[in-house]
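Just so you know, the protein sequences line up as chains A and B, in that order.
For the record, in the first sequence the residue sitting at position 138 is 138 according to our numbering, with numbers rising by one throughout.
With the second sequence counted from 1, adding 1000 to any position gets you our numbering.
Certain hints may be false.
Heads up, simulated DSS-like pairs for lysine-lysine below, C-alpha to C-alpha not over 27 Å straight-line [said to hold, decoys possible]:
id, chain 1, residue 1, chain 2, residue 2
1, A, Lys54, A, Lys183
2, B, Lys1092, A, Lys41
3, A, Lys366, A, Lys249
4, B, Lys1041, A, Lys54
5, A, Lys54, A, Lys357
6, B, Lys1183, B, Lys1054
7, B, Lys1183, A, Lys249
8, A, Lys92, B, Lys1183
9, A, Lys357, B, Lys1070
10, A, Lys41, B, Lys1041
11, B, Lys1092, B, Lys1201
12, B, Lys1054, B, Lys1242
13, B, Lys1366, B, Lys1054
14, B, Lys1183, A, Lys242
15, A, Lys366, A, Lys70
16, B, Lys1092, B, Lys1054
17, A, Lys92, B, Lys1201
18, A, Lys249, B, Lys1366
19, A, Lys54, A, Lys41
20, B, Lys1092, B, Lys1366
21, A, Lys357, B, Lys1357
22, B, Lys1249, A, Lys357
23, A, Lys366, B, Lys1249
24, B, Lys1126, B, Lys1183
Each pair of labels, with its calculated beta carbon distance range [stated by the list, open to error]:
id, chain 1, residue 1, chain 2, residue 2, range
25, B, Pro1026, A, Ala344, 52 to 62 Å
26, A, Asn342, B, Gly1156, 27 to 37 Å
27, A, Asn342, B, Asp1057, 33 to 43 Å
28, A, Asp57, B, Lys1041, 19 to 29 Å
29, B, Val1052, A, His22, 56 to 66 Å
30, B, Lys1041, A, Asn148, 48 to 58 Å
31, B, Pro1147, A, Asp45, 37 to 47 Å
32, B, Lys1092, A, Ala65, 16 to 26 Å
33, B, Pro1026, A, Glu179, 27 to 37 Å
34, A, Asp302, B, Met1260, 41 to 51 Å
Please keep in mind that the hints were generated in silico from the structure rather than gathered at the bench.
Please read all numbers here as calculations on a predicted model, not as lab measurements.
From the three backbone atoms N, C-alpha and C, an ideal C-beta is built for every residue, glycine too.
Next come the chains, spelled out residue by residue.
Number of protein chains: 2
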Amino acid sequence: MSTEFSTQVVLDALQSALPPRHAFLPLHEPTFSGNEWTYVKECLDTGWVSSVGKFVDRFEEDLAAYTGAKRAIAVVNGTAALHICLLLAGVKPGDEVLMPALTFIATANAVSYCGAFPHFIDSEEKTLGVAPQKLAAYLDEITEQRPNGCYNRLTGRYIKAVVPMHTFGHPVDLDPLLEACQKFNITIIEDAAESLGSFYKGRHTGQWGLLSALSFNGNKTITTGGGGAILTNDEELGHLTKHITTTAKVPHRWEFNHDMIGYNYRMPNINAALGCAQLEQLPGFLSAKRELAERYRRAFTDIPGIRFFSEPANSQSNYWLNTLLLDEECAGQRDALLEATNDAGIMTRPAWTLMHKLPMFAACPKMDLSYAESLERRLINIPSSVMLGTGLSNA
Amino acid sequence: MSTEFSTQVVLDALQSALPPRHAFLPLHEPTFSGNEWTYVKECLDTGWVSSVGKFVDRFEEDLAAYTGAKRAIAVVNGTAALHICLLLAGVKPGDEVLMPALTFIATANAVSYCGAFPHFIDSEEKTLGVAPQKLAAYLDEITEQRPNGCYNRLTGRYIKAVVPMHTFGHPVDLDPLLEACQKFNITIIEDAAESLGSFYKGRHTGQWGLLSALSFNGNKTITTGGGGAILTNDEELGHLTKHITTTAKVPHRWEFNHDMIGYNYRMPNINAALGCAQLEQLPGFLSAKRELAERYRRAFTDIPGIRFFSEPANSQSNYWLNTLLLDEECAGQRDALLEATNDAGIMTRPAWTLMHKLPMFAACPKMDLSYAESLERRLINIPSSVMLGTGLSNA
Chain A
1 MSTEFSTQVV LDALQSALPP RHAFLPLHEP TFSGNEWTYV KECLDTGWVS
51 SVGKFVDRFE EDLAAYTGAK RAIAVVNGTA ALHICLLLAG VKPGDEVLMP
101 ALTFIATANA VSYCGAFPHF IDSEEKTLGV APQKLAAYLD EITEQRPNGC
151 YNRLTGRYIK AVVPMHTFGH PVDLDPLLEA CQKFNITIIE DAAESLGSFY
201 KGRHTGQWGL LSALSFNGNK TITTGGGGAI LTNDEELGHL TKHITTTAKV
251 PHRWEFNHDM IGYNYRMPNI NAALGCAQLE QLPGFLSAKR ELAERYRRAF
301 TDIPGIRFFS EPANSQSNYW LNTLLLDEEC AGQRDALLEA TNDAGIMTRP
351 AWTLMHKLPM FAACPKMDLS YAESLERRLI NIPSSVMLGT GLSNA
Chain B
1001 MSTEFSTQVV LDALQSALPP RHAFLPLHEP TFSGNEWTYV KECLDTGWVS
1051 SVGKFVDRFE EDLAAYTGAK RAIAVVNGTA ALHICLLLAG VKPGDEVLMP
1101 ALTFIATANA VSYCGAFPHF IDSEEKTLGV APQKLAAYLD EITEQRPNGC
1151 YNRLTGRYIK AVVPMHTFGH PVDLDPLLEA CQKFNITIIE DAAESLGSFY
1201 KGRHTGQWGL LSALSFNGNK TITTGGGGAI LTNDEELGHL TKHITTTAKV
1251 PHRWEFNHDM IGYNYRMPNI NAALGCAQLE QLPGFLSAKR ELAERYRRAF
1301 TDIPGIRFFS EPANSQSNYW LNTLLLDEEC AGQRDALLEA TNDAGIMTRP
1351 AWTLMHKLPM FAACPKMDLS YAESLERRLI NIPSSVMLGT GLSNA
């Protein structure tokens, strides 16, 4: 029996899971069906659109309450969130930061902003994220412990942190990763940009790291236009995060004093207003997304050579971007599938180009990346908007 | 005759220039009296709030048309704009960048983000900005020319750029500054964060620099919530600016390739929607601000020891933040005046703490800063919102 599928069979399966529509179907578009309008109008009516205003405070409190983190600090986007997480974790120029080769560019860029070097690590099939056991074996081989922490014996550089990324919302296997990091004295910073609403062993992602980054870009599960947040369970770090992301100004009735090099990374109030309204709807959004995922799962059950990626064991995923995985022997069909689906008005896309293949990161250290390379050949994201799960179309 | 004024006389003068009001009067609050609502609603109705959408393109085109610059690139705030201006001007780690000691923290922070050192220079009374003749004399004394440009003989560092800042909207004396920079081979980057709507010799500020930075923070003449823009008359640099501020992604139907270390500095569409509506009203805003400035000028004409700062010769200022200057012998009264006005519900504030007095910049090179230090002692900003000039109050 051939493991090959025909492009038409895949198209039919996609159509069967999707509501009827007449317009091009993007990968992920936002739904504004709650209080967005009311809250944004309140900003305009009161004039509080910018750096001061109640919605920033409320959004931070609501995020902390939802995720269970002690502090949430709203910032201008997910990249800024990652940058500050790394900076406050103590990443210094010349250090190395372990991160998956299979991730969005922001993870690697944020490491560069600190003057540090990304060090690329492999992923695993069961989560699409960092492979903890393979990482531990690799660290055993290439690192040595010195009084202040973990060093790469090959480059001589300090390995300060690892940044697991919860790919398309599916949680990394965090417990064995935590164990490995404790053994090797490496700080975890979670790139939770894609995983708002995703839980690992019943607890929201973003709490295994010392600090973690969320994103509310327009294509995310909830959006603030552009925006992000930093989560932490360390009160003191939370305070410092707020301080350094708001120009490090020392509070005073009129004096302008700043006590460190700070960043203008604060989220404007008008964007936080959107965020408050979106967050109110998150439980409904997640139900709709899980409903859509279930429809996809059923539609692809019996097609040989291709499968729908389901949430890892022990995890509840937000199914941010739904994912198809081709069998290795069908990887050659990927581009024809991308072509056919996009031509048919159903937006699909492959994995991001692996980070070590980009010119600016080509010289960075890396472990064997055979699994990430296989995933890159075989992975396709398919439309995942909330409205598709509620049966509404963008027609 | 004493040059001392009484606090009550100053309070009476302020009240006489301001419309009646019942609430606390901030330094600068926004006015949303145009199409803000319509455009923002269009974003929500269409779902285009984020990184893609027509308002970003339109805002950039409208800004270029208004300022006369060939290209305007909208970004997330003025600090991000300054960072990219410096980066694309070629500022490298270890370089020095000349900038006024009398400025907002963003100018110095942006230099730090490049790994470069701020080198603080003095201001002059007639513009409140960089003193070109004093700077030229100083450069004559401390620099030497090498094949690739200007070097500080004292530190051995490359002096790559100077960042004149148009203080409170009043244009720096740009022609003699340009002449000095040509002589010494130093690139100009204008910090025009405060000067949208300000013209020097009939031409909009931001066009003497290779690149220039605008800000649309909530306290600026027009606001996008948080936002900024980069202006340039160099088409190629304009293209590169757009590329590097939008993650340096190479356009493709579905592939994710990036060809350099980029930044996530794009302005979200919902913020640009606000900007389009605000920019439509700019001429009216400027008239109102000039009307308020004229009322202040008249109110302070006959008070000894204190004067209202009027726009420099050859310039038309946006009067972003109106400014009072005490005579040197009255400087001791500044804090009592700040106390009394803020207690009376009229927000006032002194100049920013000079940059070289902040702990993180205390070791940076500097010239004689006697004039900036005098201004710091004597300067008070007073309420400047558009609505105060149209006779509307925030009551």
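Hints versus structure:
At most 27 Å may separate the alpha-carbon atoms for a hinted pair to count; Lys54 (chain A) and Lys183 (chain A) exceed this at roughly 43 Å. With a C-alpha separation of about 44 Å, the suggested pair Lys1092 (chain B) and Lys41 (chain A) falls outside the 27 Å cut-off, and the hint is violated. Using a Cα cut-off of 27 Å, the hinted pair Lys366 (chain A) and Lys249 (chain A) is violated, with the two alpha carbons roughly 39 Å apart. At roughly 21 Å between alpha-carbon atoms, Lys1041 (chain B) and Lys54 (chain A) fall within 27 Å of each other, so this suggested pair holds.
Note on Lys54 (chain A) and Lys357 (chain A): the hinted pairing is violated, with a Cα-Cα distance of about 44 Å set against a maximum of 27 Å. Simply put, Lys1183 (chain B) and Lys1054 (chain B) have alpha-carbon atoms about 43 Å apart, too far for the 27 Å limit, and the pair is violated. Only pairs whose Cα atoms come within 27 Å are accepted, and Lys1183 (chain B) paired with Lys249 (chain A) is rejected, the gap being roughly 38 Å. This hinted pair does not check out: Lys92 (chain A) and Lys1183 (chain B) have alpha carbons roughly 38 Å apart, beyond 27 Å.
Taking the CA atoms of Lys357 (chain A) and Lys1070 (chain B), the gap is near 35 Å; set against the 27 Å cutoff, the hint is violated. Simply put, Lys41 (chain A) and Lys1041 (chain B) have alpha-carbon atoms about 9 Å apart, close enough for the 27 Å limit, and the pair holds. Between Lys1092 (chain B) and Lys1201 (chain B) the CA atoms are separated by roughly 33 Å; this puts the pair beyond 27 Å, and the hint is violated. For the given pair, Lys1054 (chain B) sits about 15 Å from Lys1242 (chain B) by alpha-carbon distance, which is consistent with the 27 Å threshold.
Note on Lys1366 (chain B) and Lys1054 (chain B): the hinted pairing is violated, with a Cα-Cα distance of about 45 Å set against a maximum of 27 Å. In summary, the hint linking Lys1183 (chain B) to Lys242 (chain A) is not supported, as the alpha carbons are separated by about 44 Å, beyond the 27 Å threshold. A hinted pair counts as satisfied when its Cα atoms are at most 27 Å apart, and Lys366 (chain A) with Lys70 (chain A) does not qualify at roughly 34 Å. For the proposed pair Lys1092 (chain B) and Lys1054 (chain B), the alpha carbon gap of about 35 Å is over 27 Å, so the pair is violated.
Distance restraint check for Lys92 (chain A) and Lys1201 (chain B): the Cα-Cα separation of roughly 46 Å exceeds the 27 Å cut-off, and the hinted pair is therefore not satisfied. Distance restraint check for Lys249 (chain A) and Lys1366 (chain B): the Cα-Cα separation of roughly 23 Å lies within the 27 Å cut-off, and the hinted pair is therefore satisfied. This hinted pair checks out: Lys54 (chain A) and Lys41 (chain A) have alpha carbons roughly 13 Å apart, not beyond 27 Å. At roughly 19 Å between alpha-carbon atoms, Lys1092 (chain B) and Lys1366 (chain B) fall within 27 Å of each other, so this suggested pair holds.
For the proposed pair Lys357 (chain A) and Lys1357 (chain B), the alpha carbon gap of about 46 Å is over 27 Å, so the pair is violated. Using a Cα cut-off of 27 Å, the hinted pair Lys1249 (chain B) and Lys357 (chain A) holds, with the two alpha carbons roughly 14 Å apart. With a CA separation close to 23 Å, the supplied pair Lys366 (chain A) and Lys1249 (chain B) stays within the 27 Å bound. Proposed proximity of Lys1126 (chain B) and Lys1183 (chain B) is supported: the alpha carbons are some 23 Å apart, at most 27 Å.
For Pro1026 (chain B) paired with Ala344 (chain A), a C-beta distance near 54 Å keeps the hint of 52 to 62 Å intact. About 56 Å separates the C-beta atoms of Asn342 (chain A) and Gly1156 (chain B), a value inconsistent with the hinted range of 27 to 37 Å. Distance hint check for Asn342 (chain A) and Asp1057 (chain B): the Cβ-Cβ separation is about 23 Å, which falls outside the suggested range of 33 to 43 Å. Separated by about 25 Å at the C-beta atoms, Asp57 (chain A) and Lys1041 (chain B) satisfy the suggested range of 19 to 29 Å.
A beta carbon spacing of about 20 Å between Val1052 (chain B) and His22 (chain A) contradicts the range 56 to 66 Å that was offered as a hint. In this structure the hint that Lys1041 (chain B) and Asn148 (chain A) lie 48 to 58 Å apart at CB holds, the actual value being about 55 Å. The hinted window of 37 to 47 Å between Pro1147 (chain B) and Asp45 (chain A) is violated, with their beta carbons roughly 60 Å apart. In this structure, Lys1092 (chain B) and Ala65 (chain A) break the distance hint of 16 to 26 Å, their C-beta atoms being roughly 45 Å apart.
Our hint of 27 to 37 Å for Pro1026 (chain B) and Glu179 (chain A) is violated, since their Cβ atoms are close to 53 Å apart. For the hinted restraint 41 to 51 Å between Asp302 (chain A) and Met1260 (chain B), the CB-CB distance of approximately 45 Å keeps it satisfied.
Checked against the numbered hints listed earlier, the structure breaks hints 1, 2, 3, 5, 6, 7, 8, 9, 11, 13, 14, 15, 16, 17, 21, 26, 27, 29, 31, 32, 33; every other hint is satisfied.
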